[in-house]
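Student: Listed here are the chains, written in short residue letters.
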Amino acid sequence: MIGAFKKIWDFAGSEQKNIKRSIVLALLHSIFYALQFAAVYVVLKALTSGDTSKRTALYAFGIMILSIGGRIVLNTFSQLQRVHAGYFMVANKRISIGNKLRSVPMGYFNKNNLGQMTAITTTTLTDVENTAPVVLVTVLGGFINSVVFALSVLLFDWRIGIIVFIGMAAFIWTTSLQEKHSRKSAPERQRAQETLVEKVLEAVQGISVIKCFHLGEKAGSAVNSAIEDSCNKNLAIEKQMTPYQIFQQIVLNLFAVIIMIVTAALYVNGTMGLADAMMMFVAAFMVFEQMKSAGISIATLRIAESSIDKANETDNVPVMDEGGRDIVPKTHDIAFENVSFSYGERKILDGVSFNVKQKTTTAIVGPSGSGKTTMCSLIARFWDVNGGKVTIGGEDVRDFTLDSLMKNISMVFQNVYLFSDTVENNIKFGRPNATREQVVEAAKKACCHDFIMQLPNGYETVLEEGGASLSGGERQRLSIARAILKNSPIIILDEATANVDPENEDRLQAAIEALMKDKTIIMIAHRLKTVRKADQILVLDGGHIVQKGTHAELAAQDGIYSRFITQRQQAESWHIAGQKT
Amino acid sequence: MEKKNSPFSMIMQYAGSYKRKYVCSVVLAVISVACGMVPYFAVAKMVTAMIGHEEKDMSFFVMWCAAAAVGYISKGIFNGISTSISHTATYLTMKEIRQRLISKLTKMPMGTILGSHSGHYKEVIVDRVESIEVPLAHLLPEMTANVLAPLLMLLYLFTLDWRLALISLITIPVGMAVMSTTMKSYGENYGRSVEIGGRMTNAIVEYMGGIEVIKAFSRSESSYEKYETAVNENAAFFYGWMKSAQWAMSAYNAITPSVLLTVLPFGFIFYASGSLTAGAFVTMIILSLGLLEPLIAAMNYTDNIARVSTVMGQINEVLESREINRTGKVTKMNGNTIEFRNVTFSYDNENDALKNIDLTIPEGKVTSLVGHSGSGKSTVAKLIAGFWDVTDGELIIGGQNVSDIPLEVQAEQIAYVEQNNFLFDETVMENIRKGKAGATDEEVVAAAKAAGCDEFIRGLDKGYQTVVGSAGGHLSGGERQRIAIARAMLKNAPIVILDEATAYIDPENEAVIQSAIAKLVQGKTVIVIAHRLSTITDADNIIVMENGTVSAHGRHDELLRHSQLYRSMWQAHTGTKGGAAE
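Heads up: the protein sequence lines correspond to chains P and F, in order.
One point on numbering: in the UniProt record's numbering, the residue at position 41 of the first sequence is 41, and numbering is uninterrupted.
One point on numbering: in the UniProt record's numbering, the residue at position 220 of the second sequence is 220, and numbering is uninterrupted.
It is worth saying that the hints were derived from the structure and are not from the lab.
The structure presented is a predicted model; accordingly, all values stated were derived computationally and were not measured.
Each hint should be verified, as a subset may be incorrect.
[Unchecked claim] Calculated pairs, DMTMM-like style, for lysine to aspartate or glutamate (alpha carbon to alpha carbon, straight line, at most 20 Å): (1) F:K45 with P:E198; (2) P:K529 with F:D389; (3) P:K347 with F:E54; (4) P:K100 with F:D389; (5) P:K239 with F:E508; (6) P:K45 with F:D389; (7) P:K100 with F:E508; (8) F:K104 with P:D276; (9) F:K226 with P:D276; (10) F:K107 with F:D389; (11) F:K56 with P:D276.
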């Protein structure tokens with residue numbers, strides 16, 4: 001429990017001062033809360049002394065007004081501090097995640113971890129926002145109130161006061177016992193839940209396979225048993241937890257009874273006056289109330305804690321050293337000098353060297369897993385090399401700032417993400433000050449103009465997030481228009497990912513050709529046409545360049561390249577045979 | 001109908017056999033509340049005796065304290081058991097709902113399920129159902145306790161002194177009145193909070209979704225600023241809202257449960273005037289302490305009821321959606337000729353994806369469907385595969401109307417291979433074996449060899465025993481495709497549908513995939529959707545689709561002569577193909 005508070009505290013960061021202030025105010029608030037005892041005591045004193053003057057009513061009323069008024073004021077300020085802390089500590093975390101993303105190597109990003117990061121920044125942090133402040137209020141506030149109450153009782157009668165403290169300690173003990181237990185069973189429950197998710201997803205995504213292959217019953221039974229399992233786990237845990245919950249409920253009430261009986265004993269043997277004894281009877285009902293509600297909220301504390309844990313996972317994202325200069329390279333020649341790169345344990349590139357003259361086309365071919373994609377991404381510094389260096393115009397890519405490096409490079413099809421902005425702004429994304437004419441010209445070159453004009457508001461049409469309202473091919477061509485407008489001198493392209501949409505291949509090709517005009521091009525090539533036209537072909541295998549030359553040179557050699565050519569010829573001329581017979 | 005959809009009746013519909021458990025839970029909750037009253041009586045007895053200066057010895061106090069203790073203990077036990085039973089019933093109800101949802105999935109058209117994001121059904125079946133656990137499990141016992149206990153106390157208060165009982169309730173309307181001052185602007189603020197929260201979420205989603213593009217286009221500075229602004233605006237708005245409403249909430253929270261504010265002075269006045277005994281007065285002070293907190297808790301509970309009802313609505317939406325409709329009276333088909341007779345199909349009951357289609361796909365031939373996206377070629381294939389039922393007209397397979405054929409029998413006849421084939425998170429062996437229940441390991445390996453994947457499977461960590469990961473995630477797209485082809489080969493269905501199965505999914509392994517497909521389709525009734533027209537020039541029949549109708553059909557050379565649409569598609573295709581050795 002203390003650990004959980006510590007986590008919230010650490011998470012609060014610069015908002016700690018507001019939490020501190022809030023706690024101090026909560027303490028003062030409790031003192032006003034405890035004033036109720038005084039109001040009750042005034043009345044009881046009058047009752048036992050037989051004083052019937054109306055002044056007592058007025059006093060009691062006055063004290064109650066003071067108590068309530070003080071609580072309103074202090075609670076307002078205390079709450080506001082907490083609310084501020086809650087919202088702003090989460091906002092700060094969101095901003096720090098956003099800021100961190102700026103220096104995360106591009107190679108780290110993929111659909112999976114970006115999705116996770118987005119989920120954390122939106123949903124998980126909203127959970128923190130919703131739970132952490134509430135927990136602080138109810139649990140921490142409840143404990144503070146209880147302690148102040150207990151202290152008031154202690155001042156009133158030390159013997160009863162001690163019982164109150166013992167009762168509170170006993171309650172905390174049972175609560176932490178229960179906590180420990182439920183923490184122990186949490187992973188089990190989690191596992192059952194994960195299996196359930198997996199089986200349900202399988203049943204949904206695999207529905208066509210399940211039906212086509214007659215697996216209905218079998219697959220159904222797998223899901224049903226996962227549902228059964230999750231239910232049984234919950235039932236078992238529930239059964240285990242019930243005694244603890246009952247015990248937790250009873251313990252404070254039993255201490256209330258102990259207060260009563262001790263009070264009665266003290267009263268009977270004459271060491272406690274009538275008014276004080278009555279006061280203690282009333283106190284027995286009041287003193288633990290706050291403690292109870294604090295106890296109930298402990299479950300929320302657990303939620304807050306696990307949400308914070310999840311949010312903190314973003315701290316483990318790798319970052320890249322960003323201390324570069326703004327460089328404008330003199331040429332756009334690209335060179336790899338003895339470059340090595342490993343991904344984790346696996347060596348991907350091993351001592352690779354080659355030169356690319358500016359405004360030439362270099363095609364990279366090789367079997368899957370030979371390191372083609374890695375080689376391309378090192379130019380754009382998606383990762384840093386482990387050995388050797390990559391240069392553009394003679395400057396090491398690590399000396400550039402990311403922005404000044406990326407000004408030189410367009411990566412096509414790495415991600416066709418479109419923003420929920422107008423078509424025009426999407427195209428202008430790489431060159432915000434472009435004129436409408438320039439935008440239209442780029443769109444025309446990328447074969448986008450026609451379909452854009454058919455959208456409800458033409459270039460002013462606002463796209464849905466991610467561009468969901470367009471077809472895959474249209475999205476791709478828009479992203480090419482964006483790159484054309486950006487007009488960076490180096491183009492990196494992977495033909496395989498360029499063909500995700502089999503429709504409208506012709507227009508896509510035209511768009512790509514427009515983009516590549518007069519540029520330095522590095523491409524992972526699959527089409528025969530492309531490799532034939534390339535000025536230089538690099539054949540990669542197992543992280544090494546095994547062949548280098550033009551099509552004519554390499555085709556004459558026996559090797560990976562000539563095999564590649566035969567395979568591609570087969571694939572590109574393949575067709576399903578009719579079955580006339 | 002609307003009345004019937006109250007969340008409670010909806011839940012009871014699923015709780016069915018667990019109704020008795022819920023009843024039991026409520027009965028125990030009532031007993032628990034009754035037991036919880038005992039300590040108040042006990043204290044009332046003791047206080048009245050003390051203040052009346054009656055001569056009581058310690059045994060009197062011990063007896064009543066024991067009574068209070070017994071009351072508390074029984075209250076705790078009964079309450080605990082009540083909650084536990086309610087939880088049990090809730091878990092069982094959740095199970096019931098989930099199983100019904102799963103069984104519903106098998107009755108829905110596959111197309112409906114595959115057409116929505118796979119996360120959607122998982123969300124409903126797992127998360128949404130989960131979210132009703134806490135409110136549902138606590139609803140009955142706690143509502144019972146929170147409403148009944150104060151009512152009983154109030155009743156007791158009224159028997160002691162009805163005036164003071166009434167007065168003790170005054171803080172409720174006062175508290176509410178204060179609270180209502182913020183309620184006026186609540187709707188407006190809530191609306192804005194949704195808007196600003198939504199703007200922040202969008203900014204986050206865009207920033208993260210587009211981070212690669214943002215970096216690639218050197219826009220991280222300005223995009224980050226936008227993100228930061230949205231995040232700060234969100235926090236500032238909520239804080240500002242709280243600031244304007246906090247004092248009223250604090251006042252409400254301080255005033256409403258403070259019964260002592262009225263009970264103390266007025267009780268004393270009544271006592272002083274002689275109309276209320278000291279014993280009754282002190283008893284009332286004690287009773288009133290426990291009066292309002294539970295009522296406030298009960299009021300807060302209405303939130304939960306609303307939440308449960310939203311979730312139940314979402315669940316019912318799934319349960320009441322369209323089912324696939326088969327009479328199932330025919331169980332045998334004669335041959336595999338496929339005929340569309342005046343078939344119309346609509347996904348949304350508004351726009352027709354297919355309009356009055358007539359076509360015949362002869363047995364044992366290769367038929368190709370071509371056309372631009374949205375022309376309806378995929379819809380034709382999906383109807384044959386049983387993803388949907390036709391909206392109008394007749395689809396005949398093997399001389400039988402499919403609406404009379406059970407889906408399983410239809411599925412038996414068909415192997416459907418697409419670009420993205422689903423694999424289960426099991427071993428390669430089991431995934432292929434799914435093609436034919438009870439196939440031997442040898443048969444599986446033979447199919448794998450025929451599909452050209454034996455070699456790469458043996459290269460995997462554990463060969464055929466390698467687990468492929470969730471949805472086949474440990475394998476590349478091309479590898480998944482080949483395993484799916486092996487699975488289809490093992491099934492050996494007479495009708496094979498290839499839905500863009502030869503598209504550029506994995507150029508490095510294209511040749512292997514192609515030869516696997518060539519083996520799969522040998523001697524079968526084949527339906528091919530392929531964008532690359534060069535792959536289907538040899539088809540026995542090519543059907544050209546346009547806007548949901550058949551525009552032309554015939555062999556490649558015939559279509560080149562007669563169909564304007566086909567000719568233009570062919571030209572566009574050959575224009576880009578380039579370099580192919582022909």
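Student: Each hint should be assessed against the structure and marked as holding or not.
Tutor: Going through the hints against the structure:
The suggested pairing of K45 (chain F) with E198 (chain P) is violated, with an alpha-carbon distance near 60 Å, which exceeds 20 Å. Of the pairs offered as hints, the one joining K529 (chain P) and D389 (chain F) is violated, with about 44 Å between alpha carbons and a cut-off of 20 Å exceeded. Of the pairs offered as hints, the one joining K347 (chain P) and E54 (chain F) is violated, with about 93 Å between alpha carbons and a cut-off of 20 Å exceeded. For the hint pairing K100 (chain P) with D389 (chain F), the CA-to-CA distance comes to about 51 Å; that exceeds 20 Å, so the pair is violated.
Taken as a hint, the K239 (chain P) and E508 (chain F) pair is broken in the structure, with Cα atoms around 57 Å apart against an allowance of 20 Å. Distance check on the hinted pair: K45 (chain P) and D389 (chain F) sit about 84 Å apart at the alpha-carbon level, beyond 20 Å; violated. With a CA separation close to 36 Å, the supplied pair K100 (chain P) and E508 (chain F) exceeds the 20 Å bound. Only pairs whose Cα atoms come within 20 Å are accepted, and K104 (chain F) paired with D276 (chain P) is rejected, the gap being roughly 67 Å.
For a cut-off of 20 Å, the pair hint linking K226 (chain F) to D276 (chain P) is broken: about 64 Å separates their Cα positions. The straight-line distance between the Cα atoms of K107 (chain F) and D389 (chain F) is roughly 12 Å, inside the 20 Å bound, and the hint therefore holds. Between K56 (chain F) and D276 (chain P) the alpha-carbon distance is near 17 Å, which keeps this suggested pair within the 20 Å criterion.
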